[in-house]
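Chemist: The primary structure of each chain is shown beneath.
Number of protein chains: 2
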Amino acid sequence: MSNSLSSEIEAIAKRARNASLNLCSSTTAEKNEALQAIARGLESNRRLLKEENEKDLAKAEENGLSSAMVDRLRLTHERIDGMVKGLRQLIELPDPVGTTLDSKARPNGLEINKVRVPIGVIGIIYESRPNVTIDCAGLCLKSGNASILRGGKEAKHSNLALASIISDALKASPLPDDAVQLIPTVDREALNHLLTMDQYVHCIIPRGGEGLIRFVAENSRVPVIKHYKGVCNLFVDASADLKMAEEIAVSSKCGRPGVCNAIENLIVDASIAESFLPSVAKKLQEHGCELRVDEKAADILEGFECKIATQEDFAEEFLDLRLAIKVVDSLGEAIAFINQFGSGHSESILTSNKKRAETFLNDVDASSVYWNASTRFTDGFEFGLGAEIGISTDRLHARGPMGLEELCTYKYQIIGNGQWK
Amino acid sequence: MSNSLSSEIEAIAKRARNASLNLCSSTTAEKNEALQAIARGLESNRRLLKEENEKDLAKAEENGLSSAMVDRLRLTHERIDGMVKGLRQLIELPDPVGTTLDSKARPNGLEINKVRVPIGVIGIIYESRPNVTIDCAGLCLKSGNASILRGGKEAKHSNLALASIISDALKASPLPDDAVQLIPTVDREALNHLLTMDQYVHCIIPRGGEGLIRFVAENSRVPVIKHYKGVCNLFVDASADLKMAEEIAVSSKCGRPGVCNAIENLIVDASIAESFLPSVAKKLQEHGCELRVDEKAADILEGFECKIATQEDFAEEFLDLRLAIKVVDSLGEAIAFINQFGSGHSESILTSNKKRAETFLNDVDASSVYWNASTRFTDGFEFGLGAEIGISTDRLHARGPMGLEELCTYKYQIIGNGQWK
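Residue numbers (our numbering), protein chains in the order written: chain A, 13 to 433; chain B, 13 to 433.
Wrong hints could be hidden among the right ones.
As the list makes no split between identical chains, a pair holds if one copy fits it or if it spans any two.
To be verified - In silico DSS-like cross-links for lysine-lysine, where the CA-CA straight-line distance does not exceed 27 angstroms:
hint: 1; residue 1: Lys295; residue 2: Lys116
hint: 2; residue 1: Lys126; residue 2: Lys116
hint: 3; residue 1: Lys126; residue 2: Lys366
hint: 4; residue 1: Lys319; residue 2: Lys241
hint: 5; residue 1: Lys366; residue 2: Lys116
hint: 6; residue 1: Lys165; residue 2: Lys26
hint: 7; residue 1: Lys116; residue 2: Lys367
hint: 8; residue 1: Lys319; residue 2: Lys26
hint: 9; residue 1: Lys366; residue 2: Lys67
Rather than coming from a laboratory, the hints here were simulated on the basis of the structure.
Let's have the full structure, built from the sequences with the hints guiding it.
Modeler: Written out as structure tokens, the structure is:
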């Protein structure tokens, strides 16, 4: 049984590799034609999609999934429209493939061109939201990559229906039929096999909870691009504009507390803590935000309902209306705190002092470092990438929001006239 | 025992991470000062180096290592001069850190700068040649990375002596003492621990035989950049200049058969095979090159001493005066052959037909693809990188020769004036 599953996954991986060898030279028009066909397929199969989605929803309720989870699973007309709109936006974006990134003539007459090309075969491992199937298939197609999709078991029927729409669209398009494949088996064994296929699969992107991502990172022989979590920090320096600081602190925690670029820790310079903390704490609590504070902050916030923060609190992604507060004596202490407890995602300093801002921007080790702005802007659309397949807190290949260009690598094309020594 | 080794390796990794947080903001002058100090240390410690190296050489002969292996281990005055020269060349190279790679102003007024920064902590795993210790330490320092070096047991005494010279130089320099650390234990367990330290170590670069590299790739939780082997192909198209083809075929096999960018397979279009093969085969055999040929080539080379090539031969890096020959009926067959048997390193087409050359350059999936030149040019110095830490046949992060820029990643620095939505 396990042997036949292993050969099934290997066959999928091989087909993806073969498809990728054709996809890499597909024209922009051909890729856009396929994206258009998928969009039309979604529009004309709404009933099928909703029927299949109903099966997943029924199962989810049967299994007692939380209403938040059930909501993420649901395919509404609006969400189908959202997928269609996403595909049509991809069509409008420039094709990343074929751009010459660098070009030089060597003294021996060789002309060396560094040209952007697709990575090859990309495996996407994700959890409940079925729209990820369309978003990721579209991003991989537009960037000339073959994709292997492995969705969560909660969304099995929805994903199979979406995959059959993609498959029909590919068959009617000039692109290879195997350019997008969904792994039909949702058990963990199938995933384990996929993670060993480094001869055919070139990159794995896991999207979901920290548990899934850690499992993939620890078990994959294929290179993984990921972010585990977003423990983002906001540092209010001695010379910050305190009105700006209050607006940014409250909005970047309470705006959408469940997203990875929301802040988890508010770090405040001791010299302004007394004037700043009580008023910001009041605003935060008015938004229903729970506070976990260090001893110094607790002294200042006497009379407020606060818990004392543990070391674990400072390293936790709350994903909730909860904020940890730390008072520091210096910029250096703030930077050291962030480099210890942050997850390398997004960090911000609020200050009117340019020199201190520059020290922060240079010495804080994270994908995105801000001066006088909210961490909430770490996002492919906000960065002007036009689309986003994820955010990387890794350092190799891509860091921060990843769009179409980050789904590409490069090759060197060298032109000579007979050089051999 | 294993527990204490594990804590020793973790302590080394933590110190490297802390050093990297300082190194990333070191100035070019500070880094060059440290490189200069290492160079001076090598020059003034020649006797120590040769004494310690003698211990390794004696052990190597005791253990019956081949004379080629013993030769690779040996530190001659010339080789010490080579290391010193390498460090002084690094000093002359531009600092890759701090370059703004991209900059944009967003409609909301945010200014987003993509800035080149060091990767962080790099582990280098290598085998016998002790000069790798200095080369890699120097490259990592110049690019602002902390390094953890793990050399082979054959070179243990030489590497410890080199590491103590580096350590003394760092202590006398403005850089952190732990910017370069050698793992003193050479057993496999120490390596296993290092490969799990993904919270402190950001990239592993293995250099050595395919066995070592596969071990590292299969067991590392830290991202690895590598090339397993160089199975490079040369395709002589129907419209090639046959004199050029002969020169390139002979030189790119026989010039230095043991290097990764030498060719292993000569692919010849059937239409010119009869006029080309006998004369090139004669030249190759005059250089002592053994031939392993397919059936079609065997017919044409009747009377020559050849073996029939197996499928395994076409996928093998001979590292020796041995060449496989394949006759194909079309450009498409040549490309499919290369994409199946090549290792993604370097591939070349010789042709006077521009359209066919472009098809080859686009459709062959390798780090470096050539038109009318030898594959032997895949090298950091030949590509003008000024230095080389290795060649990658991977697709993520870096592909082909890797120099100082490839030892860097980037971060986004975002400047606002209070934006929060």
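Chemist: Please flag the earlier hints that this structure goes against, numbers listed from lowest up.
Modeler: Hints 1, 8 and 9 not satisfied by this model.
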